[in-house]
Structures are given as structure tokens and as C-alpha cells.
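Chemist: So the chains spell out like this:
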Amino acid sequence: MAGCKPQLTPAGTGKKIKVSIDPLTRIEGHLKAEVDVKDGVVVDARIHGGMYRGFEQILIGRDPRDASQITQRICGVCPTAHATASALALDDAFNVTLTPNGRIARNLILGANFLQSHILHFYHLAALDYVNGPEVAPFVPRYAKNDVRVSKEVNDVAVGQYLEALEMRKICHEMIALLGGRMPHVQGIVVGGTTEIPTREALNAYAERFKKVKKFIMEKYVPIVYLLAGPYGDLLKTGGGYQNCVAWGAFPMDDAGNTLLKRGVYTDGKDHPVDTDLIREYVKYSYFEDSTTGLNPTQGRTLPNPHKKDAYSFIKAPRYNGKPHQAGPLARMWVTNPELSKIGQETLGVKKIRDIGDAAFSILGRHVARAEETALVANAVEQWLAEAEPGKETFVPTPIPESAEGLGLTEAPRGALLHYIDIKNKKIANYQVTSATIWNANPMDDMGQKGPMEQALIGVPVPDYDNPVNVGRLVRSFDP
Amino acid sequence: MKDEQMLPAEQQKKTEVSRRAFLKVLAGTAAGIGISQVFNPALVSAMEKALETHPVLWVQGQSCTGCSVSLLNSVDPSIADILLKVISLEYHPTVMASEGETALENLYRVAEKYKGKFSLAVEGSIPMAAEGKYCNFGEMDGKEITMVDIVKDLGAKAGSVLAVGTCAAYGGIPAAAGGETGATGVMDFFQTYGIKTPVVNIPGCPPHPDWIVGSIVHLLTKGIPELDDDGRPTLFYGENIHDNCPHLVEYDAGQMLEKLSDVNGCRMDLGCKGPDTYADCYKRKWNSGMNWCVDNSVCIGCVEPWFPDGSSPFYEPA
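Going down the list, the sequences are from chains Y and A.
Quick note on numbering: our numbering labels position 172 of the first sequence as 188, and the sequence is numbered without any gaps.
Quick note on numbering: our numbering labels position 313 of the second sequence as 312, and the sequence is numbered without any gaps.
The hints are simulated quantities; they were obtained by calculation from the structure and are not laboratory data.
Heads up, a few of these hints could be off.
To be verified - Simulated crosslink set (DSSO-like; lysine-lysine; CA at most 30 Å straight-line):
1. K34(Y) x K132(A)
2. K227(Y) x K195(A)
3. K31(Y) x K282(A)
4. K112(A) x K408(Y)
5. K253(Y) x K286(Y)
6. K231(Y) x K151(A)
7. K408(Y) x K228(Y)
8. K367(Y) x K32(Y)
9. K278(Y) x K408(Y)
10. K300(Y) x K132(A)
11. K114(A) x K284(A)
12. K284(A) x K161(Y)
13. K32(Y) x K116(A)
14. K253(Y) x K440(Y)
15. K443(Y) x K258(A)
16. K34(Y) x K221(A)
17. K195(A) x K258(A)
18. K440(Y) x K258(A)
19. K228(Y) x K195(A)
20. K339(Y) x K358(Y)
21. K367(Y) x K231(Y)
22. K114(A) x K324(Y)
23. K230(Y) x K325(Y)
24. K132(A) x K325(Y)
25. K142(A) x K156(A)
26. K132(A) x K221(A)
27. K221(A) x K54(Y)
28. K112(A) x K142(A)
29. K300(Y) x K142(A)
30. K324(Y) x K339(Y)
31. K282(A) x K32(Y)
32. K284(A) x K230(Y)
33. K367(Y) x K408(Y)
34. K284(A) x K408(Y)
What the hints assert, rightly or not - Covered stretches of chain A, going by a simulated chain Y footprint (3 or more residues, C-beta under 8 Å):
35. 81-89
36. 213-219
37. 239-253
Unchecked claim - Derived contacts from chain Y toward chain A, CB cut-off under 10 Å, selection only:
38. I86
39. I187
40. Q203
Yeah, the Cβ is synthetic: ideal placement off N, Cα and C, and Gly gets one too.
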């Protein structure tokens with residue numbers, strides 16, 4: 017057990033110790049990590065998703081337009097992503113084409129939340145694995161030996177940035193509210209576009225706030241992530257797991273559908289175009305009826321069975337072309353392969369993300385990819401602001417179809433997001449969501465393959481069973 | 000932030016001073032957050048005392064963390080001040096440094112030490128079906144603890160409970176038709192188990208940060224605020240959205256909006272549930288006063304016990 021009962025077994029004795037962290041905190045939701053450690057290294061891992069609400073069941077029978085409101089409530093950190101995926105599925109089903117201003121307004125809403133979410137993740141969820149917070153609750157208690165390796169000066173700077181980042185993420189939410197009504201849970205993203213036509217005044221207010229946030233990203237967030245590569249350089253060498261990536265792409269840059277973050281799949285060292293027919297969701301070790309295993313989301317069923325024997329998670333296990341894939345900023349950056357920021361190029365001595373090689377697939381590599389993506393999206397926000405036209409229509413009203421299907425593919429800050437809707441008699445007949453954490457934090461599948469987070473844990477050093485710091489570091493690097 | 004790097008003793012001293020300074024600021028802006036009646040010098044000193052003896056333990060059940068994220072958007076006091084100077088937040092799964100048994104041991108230690116005094120904040124609904132299996136809370140000595148277990152245990156020990164968000168107050172989306180987890184709000188849960196601890200509902204999907212902070216401050220200084228029939232502070236939930244809506248004039252003139260992106264007109268025909276909804280969003284607005292749902296599109300009644308089933312379909316008139 018983590019953090020109590022000393023179970024010291026000297027390295028080399030070959031004895032296996034089970035270490036369990038429950039709750040695994042500073043994430044969105046409920047997760048438990050259970051690892052077997054032998055000779056100071058993780059040799060086996062299980063990730064338990066411990067909570068179920070039933071969104072897919074609750075949506076059945078409702079007005080299809082309600083989906084973009086209800087599905088946002090899946091995640092309070094990334095509601096805009098669920099709203100976007102849902103609206104895209106509805107756009108597809110309703111057969112509606114957005115106005116250019118509607119497309120840009122959605123990008124400005126989702127973009128601001130990418131910035132918000134990545135800042136929140138690094139500083140407020142992950143950073144306490146690398147620096148010490150103030151000596152008051154909720155920053156204490158913490159592990160007695162938490163392996164913080166930065167100097168006092170760097171720690172001071174980081175804590176200062178932690179507090180400043182609270183303000184920055186709040187400003188990002190103000191940017192969203194200007195166009196989306198409020199945040200969390202935006203009112204403004206609907207089938208057919210967005211509900212609020214941006215005024216010059218609103219765009220100026222957005223731009224004024226964005227300027228502060230961008231400065232923070234470029235001058236503080238990105239540099240401090242690279243700063244960690246010094247004292248924590250070994251974390252660039254561990255936690256890779258499967259090097260398979262799914263990225264559905266996000267942020268349409270034109271009406272032809274070219275996206276800022278590219279759509280693509282990377283399996284066994286090769287790039288592939290996305291074919292969503294190749295997705296299957298397995299439930300042998302999930303608390304769902306066995307009869308629903310191996311289905312594509314368009315045929316997907318969600319029938320909980322909370323007492324199922326041998327199951328250990330409420331998360332289904334999606335596989336692409338039969339194989340586990342990770343999703344998130346690293347997967348997207350790997351698929352998109354942009355040039356690194358100037359400081360990234362200088363620190364790592366390489367030009368593009370893929371030049372980093374295997375080290376990108378690591379605990380710290382995921383933080384680097386997330387920071388680089390934040391800079392990339394920030395630059396694009398600038399472009400969308402220049403393209404947005406005050407007073408131009410953002411919404412195309414369209415009647416509910418009698419029956420239709422729709423698929424919405426986008427990216428949440430934490431990874432690939434798919435929504436599928438089946439409409440019959442103008443009501444939702446089926447609705448399926450395959451979200452980023454479903455791709456990353458899933459359990460073993462029917463074929464016996466571990467989930468990406470589980471696999472990435474194997475080989476991670478845990479020299480001190482009472483202070484299993486690296487387990488949390490690995491899990492949080494995925495931003496579950 | 001040099002302050003935070005001091006030795007614990009100095010830190011404590013420094014924090015005391017800052018708390019006092021903060022309370023002055025809070026008293027000055029209390030009118031802005033709708034709690035002006037609460038503040039006078041005696042109460043400020045009472046609050047300082049309360050801060051020392053009333054830690055807040057924040058637990059999450061079937062939640063999306065949206066209520067916590069909304070709290071992070073607090074403007075005055077800022078969330079940094081809330082964390083460092085206002086609330087002694089001894090347990091919060093999203094922000095606390097600790098994890099696993101280190102976190103749970105602290106939770107139980109604080110609950111025991113401040114028994115009858117601490118405030119328990121509940122975010123998310125409590126799934127009562129399947130012996131609580133739908134929401135695991137943690138593991139202690141190899142034994143699984145469910146959300147049902149923890150609210151039963153800590154709910155009985157707490158001095159007061161804040162049901163933060165519509166899920167914790169009334170069940171919310173997890174309790175909507177089609178769900179099968181037995182999702183329940185705190186008051187109904189307490190009734191089932193005969194727990195008598197007073198509960199303040201702070202509904203909203205999510206609640207406005209001022210509603211959360213204002214309710215906590217009221218609780219710490221003056222005790223339980225005046226509540227309406229649905230257990231909500233009348234301070235924040237006492238006014239009807241439609242009756243106070245800036246578009247009421249247009250409604251009276253028969254000017255009804257026909258398209259979501261139009262600006263001038265009443266939204267009732269597009270599904271606005273303002274007439275059935277009680278909250279002060281119309282004057283408080285969201286995200287530092289940037290906007291609010293009705294100006295942007297429609298009200299979906301997210302603060303009401305009947306949300307979401309009572310207001311769904313959201314884009315059809317009631």
C-alpha cells in the first residue's frame with residue numbers, strides 16, 4: 017500500500033510487491049493505479065476506472081439538440097471539446113454546413129479551452145510531482161520522500177507561476193465566455209455553428225485577454241517545462257509504452273476541412289489515414305455486459321454490469337485495428353510533426369517533434385508535447401482572431417431530421433474524441449462517446465493486451481515502495 | 000512567491016496577517032457578491048476564528064469536476080487567496096498534493112479532530128444502486144471505500160454540509176431518466192440514512208463561484224443562511240430569471256426571438272426556461288461578468304431540482 021505500511025524489500029531479492037494508489041488524485045475523475053514492483057521497477061500494472069454515470073443511456077430518447085448540452089457535463093475541464101464533438105456529430109446528421117464565421121468562432125472557443133486546460137494540467141495537476149507547494153493544506157501532506165529535485169530558487173519560481181497560472185486559466189475562461197456565454201459548460205456551441213455573433217467589442221476583449229495568456233505561455237510555461245528536463249532528465253527515458261497514436265485532428269483552418277492538428281494514426285512505426293471502421297471497443301475486463309464486446313462505436317452499446325467477475329474498470333478498452341493506441345498532445349504532435357519552439361529546438365538540439373525519437377514517448381516527453389502544442393494553438397488563435405468578422409453570421413438554423421446518423425471527430429485537450437449519434441423519429445436512438453481517457457486509461461482487452469497507460473507503467477522505476485512518486489507522474493503525464 | 004517558502008511557523012504568522020487584510024477586502028466587496036448584510040467588524044473577527052477551527056473537506060462522487068473548475072474562476076476573493084488564506088482546504092481530490100492512503104489518512108484524521116465542526120463539501124451525486132459500486136472513493140487497508148460509505152461516515156461527523164452543484168443537491172444529470180446508478184443528492188441521501196447534519200444546497204451546473212464562496216463565508220461567519228424550499232440560500236437563488244431579464248421589455252412588447260444568433264427579443268420561443276428558474280445570473284453574470292446564458296442563447300434551468308429532465312428538450316418552449 018502506498019504511503020503507509022512499510023514493505024521494504026531490498027532490490028535484488030526478486031520479491032514482487034503490490035503497490036496501490038487509490039485515489040489517484042489531481043486528475044479529472046476517479047482512478048486507481050495498482051502496480052506490481054520487483055527489484056525497484058514496475059513489472060505489471062492495472063488501471064481501474066472507478067466511476068460510472070451512464071451518459072450514453074441517459075441520452076437515449078431525447079431531442080438530438082440536447083446532446084451538445086448534456087455531453088459537456090461528462091467533463092468540467094473540457095466541456096468545450098464534448099460540445100464541439102457533439103455539435104460535429106449533429107452537423108453531420110443534420111447535414112448542415114457552417115458559415116466561415118461559425119467555424120472560426122468554434123475554433124476560438126475550443127482554442128481558448130486548449131490553452132486553459134494545458135495550463136491547468138501542467139501547473140495545478142502535474143507540477144506538484146516536481147516541486148513543493150506552500151506548507152499549508154491542500155499542499156500538505158505529501159509523500160515524505162517525494163523526490164523533488166529542483167533548487168529552492170527554481171521551486172520559488174514554480175510556485176509563483178502556479179499562482180499566476182490560476183489567473184491565466186481564469187482569463188482563458190473569460191475568453192470562452194465572451195463567445196460561448198459562460199464556462200464551464202458553454203451555451204454557445206450548437207448544431208449549425210455558434211449562438212453568438214462576435215461583435216468588434218467582444219473580439220477586442222478576447223484579444224486583450226489572449227495577449228496576456230500568450231505571453232505567459234511563451235515566457236513561462238514552455239520554458240519551465242524544458243527547465244525540468246535538467247533535474248528530471250531520466251524521466252525522458254521511461255514511461256513510453258506502446259508507441260501507437262490516434263489523432264482525429266482538430267481546428268478546421270478552412271472550409272475544405274484542413275485542420276491545424278492533423279488527422280492520422282501511427283501504428284507499429286507507420287503512418288496511416290484514419291478509418292473509424294477499424295475501431296472496436298472491448299469489455300472483457302470492464303464492468304459491462306460481455307455481449308457488447310468488440311463493437312464499433314456506430315454499433316456500440318453501453319450496458320453496465322457492476323458486479324461482473326474479473327472486471328476491474330468502468331472504462332471500455334478501445335482498439336484501433338486491433339491494437340492499443342495512445343491519444344493526447346503527444347499523439348497529435350507526433351502525427352502533426354510541427355517544428356518545435358525556439359527554446360525547444362535549443363534545449364533538445366532537434367528541429368521537429370519526431371526528431372526527438374523514442375524520448376518523446378516518455379513521462380517528460382508528454383509534458384514537452386503538451387507545452388509545444390499550447391504554443392502552436394496560441395499562434396493559431398492569433399490567426400483566427402484576424403480572420404473573425406464582427407457582425408457576420410455564425411449560425412445556420414436547420415430542422416431535426418426524421419432519421420439520420422452523425423459522426424463527430426475532434427480533439428479534447430487530453431486527446432482524440434469521438435461522438436456518434438443515431439437519430440430515429442427525431443429522437444436519439446443511440447449515442448456513443450469514445451473519449452481520450454477511454455483510449456489511454458483502459459484495462460486489458462479480450463485479446464489480453466494491456467491499456468496504454470498500464471503498458472507505459474511497466475518499467476517505470478519505483479525504488480521506494482512507500483513513496484511511489486513515479487506512478488503518479490506517469491499517470492498524470494497522460495492528463496486523465 | 001517568497002512568502003510560501005518560509006518556515007511553517009513564519010508562514011503561519013504571515014498567513015494570519017494576510018487573512019486579516021483579505022477579510023477587509025472581502026468586507027469591502029461583500030455588497031458585490033451579495034453578502035453585505037453579513038459583514039461587520041465583529042463578524043470579520045468571528046470569521047478569522049472560524050477559519051482556524053472549520054476546515055473544509057471536499058469530496059467528489061459522480062461529478063465532472065465542473066463545480067471545482069467553476070470555483071477556480073472566483074474573482075474576489077481570487078482562488079489563490081481562497082486556497083492560501085481563506086479556507087483551510089484539507090481534502091480536495093483535484094488540487095491536493097497527496098494521493099492514496101496518505102490522502103485518506105489525513106481526511107480521517109481531520110474529520111476526527113474537528114468532529115462536529117468541519118464542513119463537508121460534496122460535489123457530484125451519490126450512486127446508491129449496486130451497493131455503491133458505481134463510484135469508488137478510495138482504498139484503505141486493502142478495503143474499497145465507496146462514495147456511499149464516505150458520505151455516510153463523514154456526513155454524520157460534519158458540522159455542516161455544502162451540496163455543491165445540482166448533482167450533489169438534487170441528483171442532476173446522473174439522476175436523469177435513463178440512468179440506472181441510483182444517483183442521489185445529499186439531502187435525500189441523508190433522509191435515507193437518518194443523518195441530521197444541516198445541508199446547504201448550492202445548485203447550478205455548475206454553480207457560480209460567488210454562490211459557493213458566498214455560502215461558505217456565510218456558513219463560517221453567521222451559520223446556515225436563509226434557505227428556500229429547495230434548500231438553497233435565498234441570497235443567491237431568490238429571484239426569477241425571466242422577471243428580471245433585460246429582455247423582459249421585449250417580451251412585454253411581444254418581440255420574440257426566432258433564431259438563436261439574433262440579439263433583441265425574448266428567448267422563450269427558443270426554449271428559454273428563465274420563467275421557471277430562480278437565480279441571480281441576470282445581474283451577477285459569469286466569468287468575471289463577461290456574459291450569461293440568456294444573452295448568449297437560452298437558460299436551461301440548471302439550478303433547479305428538475306434539471307435536466309424538467310427543461311429537456313432545451314430548445315423547445317416549456
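Chemist: Assess, step by step, whether the Cα of K367(Y) is no farther than 30 Å from the Cα of K408(Y), and give holds or violated.
Modeler: Between K367(Y) and K408(Y) the Cα gap is close to 40 Å, so the pair fails against 30 Å, i.e. violated.
Chemist: Need the status of pair K34(Y), K221(A): alpha-carbon distance at most 30 Å?
Modeler: 48 Å, violated
Chemist: Has the given pair, K112(A) with K408(Y), been kept, meaning a C-alpha gap of at most 30 Å?
Modeler: 60 Å, violated
Chemist: For K228(Y) and K195(A), compute the direct alpha-carbon distance and say whether it is at most 30 Å.
Modeler: With Cα atoms ~48 Å apart, K228(Y) and K195(A) exceed 30 Å; violated.
Chemist: Mind checking the alpha carbons of K300(Y) and K142(A) for me, to see if they're no more than 30 Å apart?
Modeler: 24 Å, holds
Chemist: Are at least 3 residues of the region 239-253 of chain A within less than 8 Å of chain Y when you compare beta carbons?
Modeler: Coverage by chain Y is violated for the region 239-253 of chain A (0 residues, Cβ < 8 Å).
Chemist: Tell me if the straight-line CA distance from K231(Y) to K151(A) falls inside 30 Å.
Modeler: Measuring from Cα to Cα gives roughly 47 Å; hence the hint is violated.
Chemist: For the pair supplied as a hint, K31(Y) and K282(A), is the alpha-carbon distance within the 30 Å limit?
Modeler: 64 Å, violated
Chemist: Are K367(Y) and K231(Y) close enough, with their CA atoms no more than 30 Å apart?
Modeler: 22 Å, holds
Chemist: Assess, step by step, whether the Cα of K34(Y) is no farther than 30 Å from the Cα of K132(A), and give holds or violated.
Modeler: Between K34(Y) and K132(A) the Cα gap is close to 23 Å, so the pair holds against 30 Å.
Chemist: Do the alpha carbons of K284(A) and K161(Y) lie within 30 Å of each other, as the hint requires?
Modeler: 45 Å, violated
Chemist: Verify the proposed pairing of K408(Y) with K228(Y), using a straight-line Cα cut of 30 Å.
Modeler: This hinted pair holds, its Cα atoms lying about 27 Å apart.
Violation of the numbered hints given earlier is confined to hints 2, 3, 4, 6, 8, 11, 12, 13, 14, 16, 17, 19, 20, 22, 23, 26, 27, 31, 33, 36 and 37; the remaining hints are satisfied by the structure.
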